[in-house]
Amino acid sequence: MTRRSLLVLLGVLLAKPLAALAAWNETAFGAKSAADALKSLGAASPAPSTDIVIEAPQIAENGAVVPIEVSSNIPGTTSLAVLIEKNPFPLAGRFEFKEGALPFVKLNVKMGESSDVHVVVVAGGKPYVATREIKVTIGGCGG
Amino acid sequence: MAVGPMKMRATIAGGNTDVRVLMVHPMTTAQMKEGLHHIKNVVVKQNGRTVVEAEIGQAISRNPVFFFRLKGGAKGDKIEVSWLDNKGETNKVDGVVA
Chain X
1 MTRRSLLVLL GVLLAKPLAA LAAWNETAFG AKSAADALKS LGAASPAPST
51 DIVIEAPQIA ENGAVVPIEV SSNIPGTTSL AVLIEKNPFP LAGRFEFKEG
101 ALPFVKLNVK MGESSDVHVV VVAGGKPYVA TREIKVTIGG CGG
Chain D
1 MAVGPMKMRA TIAGGNTDVR VLMVHPMTTA QMKEGLHHIK NVVVKQNGRT
51 VVEAEIGQAI SRNPVFFFRL KGGAKGDKIE VSWLDNKGET NKVDGVVA
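So the sequences go chain by chain: X and D.
Using this note's numbering, the first residue of the first sequence is number 1, and each one after it goes up by one.
Using this note's numbering, the first residue of the second sequence is number 1, and each one after it goes up by one.
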């Protein structure tokens with residue numbers, strides 16, 4: 001190992017903790033199926049729950065902007081993930097709620113085609129899921 | 001389309017703090033001709049304390065709009081929202097609860 005490469009390596013090692021401040025689960029976001037994404041999030045095989053509320057249009061005319069509002073009434077909810085089953089990469093986002101935040105989020109997502117949308121909540125370390133089908137008239141992933 | 005400014009509005013509603021935030025960002029997917037350019041992390045802080053940490057992917061719509069709800073809170077609370085994208089660009093907005 002040359003002196004230069006040692007310095008570069010040291011630089012990389014020192015830069016690493018800074019990058020770690022903003023964690024992003026590359027495996028989960030790169031997963032091509034909702035099941036694989038959930039496995040990467042440590043939320044495989046979630047139990048169905050009626051305490052997860054999904055507000056979304058039944059039919060979205062424009063797949064580029066589909067409004068989805070989700071909230072969890074499960075006590076001890078710490079995170080919530082939105083997965084669009086038929087998107088090329090199903091995981092759209094994952095929200096971690098710390099002390100002081102309510103388990104609620106409203107967001108706009110892109111949908112390539114009509115699909116089931118899963119909302120997976122982790123509460124007390126256990127995963128729960130609710131699913132809603134949203135029909136899309138014009139897909140919004142390419143272009 | 002380039003990255004632009006953010007807008008944020010925080011109000012007290014029903015005893016809680018509603019935070020609406022708009023981010024000007026192309027949010028392009030790998031399939032688009034512009035190539036992959038999307039926000040990865042969003043952080044919401046209330047009086048300097050992190051309350052929501054989000055990881056988002058390319059499926060979030062262009063010019064993302066998020067609506068968060070914080071427990072309680074009061075007029076004058078400081079709210080800050082920031083983002084980091086896959087090209088290392090960042091932006092931040094702050095304001096007080098009205």
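No lab work stands behind these hints: they were computed from the structure.
What you are looking at is a predicted structure, and each value in this text was computed from that prediction instead of being measured.
It is possible that some hints are incorrect.
Stretch by stretch, here's where chain X covers chain D in the computed footprint (C-beta under 8 Å, at least three residues) [as the list claims (entries may be wrong)]:
#1 4-16
#2 31-42
Pairwise CB distance ranges (calculated) [unchecked claim]:
#3 D:T90 with X:E26: 14 to 24 Å
#4 D:T50 with X:G30: 37 to 47 Å
#5 D:G35 with X:E113: 34 to 44 Å
#6 X:P67 with D:E80: 38 to 48 Å
Note that CB positions come from ideal geometry on N, CA and C, so glycine has one too.
Structure-based check of each hint:
no., hint, in the structure
1, 4-16, "violated (count 1)"
2, 31-42, "holds (count 4)"
3, D:T90 with X:E26: 14 to 24 Å, "19 Å, holds"
4, D:T50 with X:G30: 37 to 47 Å, "26 Å, violated"
5, D:G35 with X:E113: 34 to 44 Å, "22 Å, violated"
6, X:P67 with D:E80: 38 to 48 Å, "24 Å, violated"
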